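Asker: Could you build the full structure based on these sequences and the hints that come with them?
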Amino acid sequence: MKGILKSMSVTLSTFMRKPVTREYPETHKELPERDRAFPVLLWAEEDKEPFCTGCHACERACPVECMTVLMKDNPNHKSVGGDSSRRKIIDKFWIDYGRCMRCNICVEVCNFDAISMNNTWAGHETSVYDRADLVMDLPMLLAQSRSGELKPWVAP
Amino acid sequence: MDHLDQLFGTYAAVFAATIAGFILVVTALIASRLLAPFSVERNKGTSYECGMLPLRRAQTSIGMRYYLYAILFIIFDVEAVFIFPWALSYVEVGPMAYYEMLVFIGILAAGLAYAWKKGALKWQ
Amino acid sequence: MTSMAPEQEFETQDLMINMGPQHPATHGVFRMVLQVDGEVVRDVVSHIGYMHRGGEKLSETMDFRQGIGFMDRTEYLAQFNAELSYVMAVEKLMDIEVPERSQWIRMILCELNRLSSHFMFTGAFGTDVGVFGTGFTYAFRERENILDLFEEITGDRLMYAYFRPGGLAWEVTDNFVARVREVLNVSKQGIKDMDGLLTENEIFKARTQGIGVISAADAIDWGSTGPVLRASGVPLDLRRTEPYLKYAEVDFDVPVGKVGDVYDRWLVRIEEMRQSVRIIEQCLTKLQPGPILPERMPRMLRTPPGEVYLRTEAPRGEYGIYMVSKGGNRPHRLKIRSACFANLQALRDMTIGSYVADAVVILGSLDIVLCEVDR
Amino acid sequence: MTSEDAAAAPLQSFDGTIWSAVDKALSGISAQPERGVQDVIVHIPRDEVIRGLRALKTNADMAFDYLRCLTCVDNEGDGMDVVYMLYSTTKGHNLTVKAHLDANDLHLDTATTVWRAANWYEREVMEMFGVRFRNHPDPRTLLMPEDLTDTFPLRKDHPLAEIEVLQGEGIAWATEESV
Amino acid sequence: MTWPLFGMDMPVVLDLFIRMNIIVILMTVMVMGLIYIERKVLARFQMRLGPTRTGPMGLLQSVADALKLVAKEDVRPTNADPWVFELAPYFVFVPIFIGFVVVPFASGLEVRVLDLGLFYLLAASSVNLVGWVMAGWGSDNRYAIIGGLRSVAQSISYELPLVLSLLAVAMVADSLNLTEIVAGQAGAPNILWQPMAFLIFFIAMIAELNRPPFDIPVGESEVVGGPFVEYSGIRWSMFFLAEYAALFIMALVGSAVFLGGWAWPFGEQLGLPWQIVLTTVKTSMMIFVVFWVRVTVPRMRIDQLMAFAWKLLLPLSFAQILVNGAVLVYELPSGLTHALLAGSGVAGVFIMMWVINRSVSRPRPRPVLIPRTDQTWEATR
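Which chain is which? The protein sequence lines are A, B, C, D and E, in order. When the first sequence is numbered by my numbering, its final residue is 156 and no position is left out of the sequence of numbers. When the second sequence is numbered by my numbering, its final residue is 124 and no position is left out of the sequence of numbers. When the third sequence is numbered by my numbering, its final residue is 375 and no position is left out of the sequence of numbers. When the fourth sequence is numbered by my numbering, its final residue is 179 and no position is left out of the sequence of numbers. When the fifth sequence is numbered by my numbering, its final residue is 381 and no position is left out of the sequence of numbers.
These are computed hints drawn from the structure, not numbers from a lab. Since we're looking at a predicted model, the values are computed, not measured. You may find that some hints are simply not true.
DSS-like mimics (lysine-lysine), calculated; alpha carbons at most 25 Å apart, straight line [as the list claims (entries may be wrong)]:
no.	chain 1	residue 1	chain 2	residue 2
1	A	K6	A	K92
2	C	K258	D	K91
3	C	K57	D	K91
4	C	K192	C	K258
5	A	K6	C	K188
6	E	K72	B	K44
7	E	K311	B	K122
8	E	K40	A	K18
9	C	K92	D	K98
10	A	K48	A	K18
11	B	K117	E	K311
12	C	K192	A	K6
13	C	K92	C	K57
Answerer: Below, the structure written as structure tokens:
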């Protein structure tokens, strides 16, 4: 009886405290800088092209094989009259978010800092009705970075 | 208003309430029948067995622990019914009625003690 | 019924009850078939394997860096501990010396993970004994708090993939020490709440005392580990008996039960939470700046041929990685020795003769993670 | 140290390890020692392994009363090794015991008579590697479906499942071809 | 024949019709309100927010629930016994509903005053048990059967302490008529003279309502919902409706019999609005404590439950009746009578606490802590 009364005093004390839950879709928790949602490609603003050269490093390192990379000759390269220093550039890039396990390995192996984990809420709220819609193509992967909302965090 | 009318007046309410209760349930069921979707699918009718197919029919004979309590209950509940009228009138009758009830409850208590001793109150 | 002999008609039949794979109390997809007579359990058959994803087979195709992410998924309540076993096995095979700072940080994170895992246990166990979700929400409050810290450090709330052979993936945040202290202060209150909510409660005591008893000899014979074993009175804690990381340099107590029943397991876990707080506080004072990876770290992780069975003390007990390497950058064979797998074996012995309601409580007291059992 | 080094080293040279005591406990059993990375490894021929394990458990100096783990390693054509990780709760020492099985004769006596803990581990090895444990009390499948008894997933010759590409690249390639 | 209603003489049939309608509406609104309040209160106890989406502060949550339940498919298992399965909701709901006939909200505000009011209420509400068994047996589901049988065993066991504790108060009040009992408490509520009876009543009431810690028939973690595992849609909501209606009735009766209803502490001459306010406050307090208990305590086990009823509550309530009888039959001075009654009650409460304490607290120290020393391992052998 004494123990039950003690338990009841504990619950009463929490009755008096403020609720800790958040009303999710309206109020978002602030995400830390290092937050890892899904990988996105970065956009080189000065060159008006992605950083990615399509070197397949991330594709080979991916443990779940969720990436597909196709490279092409850069039409904007210096040798063909452009102003970019990249000889090769990404042609097509798909990441299947349904397979991705967000292990950050692709970011670590990238030699060009061309891929980064999305650390905005947009990266977390990716639910769709069809699994096929989770396969992101190049424009989709670049959209987040091009819009300027992404604050990429590079591990020190 | 004579006595019979009084009785009718009060207990008619009980009757009316019973009917009202049934009407309430029936209305709800009819409303549901009108509003709710209904589909015939073969597997829908399987009873819930934590995701597995039922092992066999559930209505088997069950351990008799439950029934033992039922028997005990019947005994004690009938006694309780006897105690009710006593409780309201013994003061007028006087101490004698109290002693009689003491004996009665004593017999009951002996019964309970016997059941207790015999282990009828133990589940195992 | 008609074909039965008259004397058989009065015989009660045992009822077979299926608990799981889809039952509110089975902590995942676990199935136990109870043979009950009225309310008393006569026999238990457990079925596991619903969550089997071939993690061991998959790990044989992954190189040592890729494999880390899979360890998180086997033990989703104590991810750091699982990663730790894996990376330590690789380090042992490659003979890498881990810098001090990394070791201390690993210890802090592992103990925080133990804290969060035990919180999860207390909450889920509260639900098993029938408290309407109160313990659960308390536990989640505390756990979220710890997970927030993990998210700030590693970037993910559950699948951290933060430890690397040789050290850590990257440095912790600048305000790490202050944040850990903050989290610890909240957690202390949380432990007090959990303790006050249930430990002294008479109904809780009545429900947990004296059921699911397993003696020390039986527990050893069944290979039980962790709090289940310690509750039986065997002071077997790998942090003490075979200290890894820096556990030899901190003071902590190993709580040991006396009877080996469910209540003892509860008490042991509650006390372990307090000890974890104590360990973390000592670690914080000893944490010094420094490198997090050894200076000469090979870029490609290749191990010499060899085999190692590396065990660490995860919240649920001994989490072992048996890694056989034939040279190269991936294990030839990887066996995950999961603590719950061993503990779950003893379930039948503990449960027979108790009530249906007790079976649920006993299962809850083992604190199983089915992903770990099935791997 | 690798197995080649261990084979070259003389038997009694594991100074500071428990090998000499194990050797004493296993007298009469032809055991081959090996200095592993962490624990001492003892190779025991498979016909004697249960006898050896029981000797290790009952020997007062050894008292290996705790079976840490039991598993199996497929050596690709070179047979299989059944591995027992032992621990003594009273003495606090560890030992790894290995029994080699030929690829065409995967039979072994059960260790459940020594430690009950071996029960589920052996069931797992049975279905994953196809090693038959004689006299096992409960030889049902443990993790795999009950009807899947003819294939052994953890053997090296068992292929990994094809990676499912029906969504990601599959759709993507299709659109590329159509362009 | 006429009957007075709101100061007017009315034909009995019309009068009944109006009163029934009031009761039906009141019950529906109260149940919806109770569900909403329970969810909010439980959420606060658990530091959550509770329903917030439907309507302002989630006020329309119950309405939305009700609409959803009506518009949900009503599945019947193929193996179920059709008659038993389909009729069970009636047997669960109707007995609870007819209990409303005697429940007093304020003086003169009830459907009918029955002389055997208390007795009638107990008799009616125990019929609802039949519905539970029917639901359990008819579903052809193991959990349902176990749940149904458990509910029988539990309800009949706690029926007796409930009846006897109310009888003990009825002896003190010298009436079974709820209105008279309330009127008799204008000076002091019965809880003062019968604290143990109140405690027993409260415990037995929670048990009768199948609420934690006595919710073993519907124990989520054991029998998944007990007798109504297989019910869905509107049929399931009937069980729910009955459960909350019963909670409401029991709380009302408890506040009327023990806490003085509308009569205490201001007396009966106060206006009707104040009487309703008093009743509401007292009932809410009872209900709040029920919620509070629900959120705090673990579920009991069936053998403990039974032992608690038969070995502790039943003997104690018998003892209370005997003491009451002895005290009341000899016409002692009023002060002494009341002192004896209260004293015996308090003593009973202490006996109860002592027995509970003794039965669970075996000497059990905290776990042994093994500190770090160099020879720790050997030292503990």
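Asker: Confirm or reject each hint.
Answerer: Hints, verified against the model:
no.	hint	in the structure
1	K6(A) - K92(A)	violated, 64 Å
2	K258(C) - K91(D)	holds, 21 Å
3	K57(C) - K91(D)	violated, 35 Å
4	K192(C) - K258(C)	holds, 23 Å
5	K6(A) - K188(C)	holds, 18 Å
6	K72(E) - K44(B)	holds, 14 Å
7	K311(E) - K122(B)	holds, 10 Å
8	K40(E) - K18(A)	holds, 13 Å
9	K92(C) - K98(D)	holds, 20 Å
10	K48(A) - K18(A)	violated, 49 Å
11	K117(B) - K311(E)	holds, 11 Å
12	K192(C) - K6(A)	holds, 12 Å
13	K92(C) - K57(C)	holds, 21 Å
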